[in-house]
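Student: Residue numbers (the working numbering), protein chains in the order written: chain A, 4 to 326; chain B, 15 to 352.
These are computed hints drawn from the structure, not numbers from a lab.
Quick caveat, the model's predicted, so the values are computed rather than measured.
Treat the hints with caution; some may be incorrect.
Result set (DSS-like, lysine-lysine): computed pairs, CA atoms no more than 27 Å apart in a straight line [what the hints assert, rightly or not]:
1. 167/B / 286/B
2. 352/B / 53/B
3. 267/B / 151/A
4. 335/B / 151/A
5. 182/B / 260/B
6. 260/B / 151/A
7. 151/A / 279/B
8. 351/B / 81/B
9. 260/B / 167/B
10. 59/B / 310/B
11. 50/B / 90/B
12. 213/B / 167/B
13. 286/B / 151/A
14. 130/B / 318/B
15. 335/B / 260/B
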Amino acid sequence: MKRLRFNQQEIVFAVFAMLFVAFSIFLRGFLTPENMLTLLQNVAVLGILGLAMAIVVIGRGIDISLIAALAVPPGLVLQMVQNGHSLPASLLTAVLLTIAFGLVNGWLIAYAEVPSLFATLATGLLLAGLGQAALFQLDVVQWSDGMKGFERLGQGTILGIPTSIVMFAIACLVVAFLLRQTRWGAYIYAIGDNPYAARVTGIPSRPIIVLQYVVAALIGCFAGLVMAASVNSMPTRIFNSTLIYDVILVVVLGGIGLSGGRGGVLNVVIGTLLIGTMLNGMTIMDISYAGQNLVKGVVLLLAVITDSFLNPRNEETAQQGDI
Amino acid sequence: MKYAVRTAKVIAAALGLAAIAAPALAQQGLDEPFQKPFKESLAGKTVAYVPVAMNFDLTEGWYAGMKKELEPYGVKFEIRDPNWNTNAGAQAVTSLISEKPAVMVIHNPDVQTYAKLLQRAENEGIYVIQINMGSAYRSSAFVGANWIEIGEKDTEAVVKACQGKSNKIAVVQGALSAAASAYTLKGVENVLAKHPEIKVVSSQAADWDAAKAKAITQTVLKQNPDLCGIVGFWDGMDIGTAAAVKEAGLTGKVFVATSGGGERKGACELVKSGAFDLNLSYDVPTQAAQMAGTIKWLLSSGAKAGSIKGSEYTTLIPITKENADSQTACWNLSDLKK
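Construct the complete structure from the given sequences, taking the supplied hints into account.
Tutor: Have a look at this one:
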């Protein structure tokens, strides 16, 4: 008899589908077009960050500094405009800062061979500290008149769809194209699957690793701009929050193994949908904060336990560095 | 009778003499006996300031205001920034106790963590002034907002705005662990107990985070498009609440009440733009001046630390469309730092 086998992506999708159906039946006001859009809108920034993390994790790394890239360069844009600089100049400065940050991350990991977990942990603290000490006057950088028009990146709708969802969709398409249609994308998978084999076959693995971190930082900065536009300010203190765990959660829950080389944009979308559905349903039910954490924890535990029960690890596939 | 006349003459003469002598006395000057001991009691003293974190309008404003008032008198101003880390804050307070500053100005992250430490500090002879967030221990002075009053006033305004409407309101709380949030919620409950017709459709914590506040408010508004008011717990977070109301096209229909330190960009400008309908300000420069005044009074009184205990609750400034344009309703951090 052939044993039924599911991978994590299918399990998570099944959990998502079950939750979705249950909410649709039992929760009045859940299954309406407006609420569906709200659901997506609320997790759009998380989804965009998930894409950035996915690129790095597929290449067998991890980027803890993503929230710093989300908070500091967009915060710098708002601060510079507030101080009287023009919006294009501020944006250019922020993008250059982001690229420089990605290059530092990539260099540390690819050339200095510092493990990505520690390298990005340190650089993230560095960038956030730099922002707090030298760039921002206050933790929350407010919107100013010079930013007028830019809030459309995160507010309002395009063809009836909230802009932040459109931004998530665009980011999905760009990342999917990068990963599936370009040679660089193929290299990222190869490096994630087996870095030594990749190097032996002549793939320029070090520059590709640098590229991963630069792209991730740029996507992080983009997510930050969408977020700032959507709440009309940049709460740079978000660096101290637990958002990075949610991002890792989206990626891992979606089925992109931390051991690298597997998964894609679809996994991020599924992971994001599951989180979004849970959050939205619990907000409608007005569940208390503690209750929400409890439910989140239980669902995640269930997903992970089911996965390890159905797909037990073995010595051959397990790799050093698995978390 | 004669005697009386003579007495009157003497008095008149004495007055005349005094009139001649008075200018001479004024030229010599008169020593005011209390200013010198006052100056001596301040000079060279250390005031240590432990906020929950720097880099936000409240703590930066208090710092700038106190510094401006006290440094000219030779007071040394020290700052310990735990950056939202309660453990780091407790360590800072502990090490300060052994360093023995004259005064500690403490912004508590919660009711319990510092309470025992502050008692120890006062036993060691250090005056402790608690600001805006008190602890379970009552020290020499408390200067700050009355959160219960803020909750009550915000809710009263929302209830009033709801008259004749759906009577459905939402509450966007701060972080559950913060006493400021819990106290404000108590104020909300106090008012709601008097108004059973009001229905709270959502009361959730957004962790002082604008993005979370926006997400919650969006969902609530989709479920209850006839919502008539929202009680928010901090203007820095309720930017998100207001953004959700604006996106739903309900600005002006949903009454948004919140509170904060009254910094111009975070308070007046947002009231002017229609994002907030009411922002209760606990005017930070006034609070800073009261803190500095309390420090001056305590140091010059010579009273034993902990032997007298009092409170100065801040008189709130309600910022609405009417006064948001005025120069005095809000303050600029840049001016305070000058």
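Student: Now look at each hint and say whether the structure bears it out.
Tutor: Outcome of the hint check:
Between the alpha carbons of residue 167/B and residue 286/B the distance comes to roughly 20 Å, so the proposed pair stays at or under 27 Å and holds. A threshold of 27 Å between alpha carbons decides the hint, and for residue 352/B with residue 53/B the separation of about 24 Å falls inside it, so the pair holds. Taken as a hint, the residue 267/B and residue 151/A pair is honoured in the structure, with Cα atoms around 24 Å apart against an allowance of 27 Å. Using a Cα cut-off of 27 Å, the hinted pair residue 335/B and residue 151/A holds, with the two alpha carbons roughly 22 Å apart.
For a cut-off of 27 Å, the pair hint linking residue 182/B to residue 260/B stands: about 18 Å separates their Cα positions. Our distance criterion of 27 Å between C-alpha atoms is met by residue 260/B and residue 151/A, whose separation comes to about 15 Å. The hinted pair formed by residue 151/A and residue 279/B meets the criterion: a straight-line CA distance of about 15 Å does not exceed 27 Å. A hinted pair counts as satisfied when its Cα atoms are at most 27 Å apart, and residue 351/B with residue 81/B qualifies at roughly 9 Å.
At most 27 Å may separate the alpha-carbon atoms for a hinted pair to count; residue 260/B and residue 167/B meet this at roughly 23 Å. Pair hint residue 59/B plus residue 310/B holds up; C-alpha atoms about 11 Å apart against a cutoff of 27 Å. Using a Cα cut-off of 27 Å, the hinted pair residue 50/B and residue 90/B holds, with the two alpha carbons roughly 19 Å apart. Restraint check for residue 213/B and residue 167/B: satisfied, since their Cα atoms lie roughly 18 Å apart, inside the 27 Å limit.
Pair hint residue 286/B plus residue 151/A holds up; C-alpha atoms about 16 Å apart against a cutoff of 27 Å. For the hint linking residue 130/B to residue 318/B, the alpha-carbon distance of about 18 Å falls within 27 Å, and the restraint holds. Annotation: proposed proximity of residue 335/B to residue 260/B holds, straight-line Cα distance about 17 Å (limit 27 Å).
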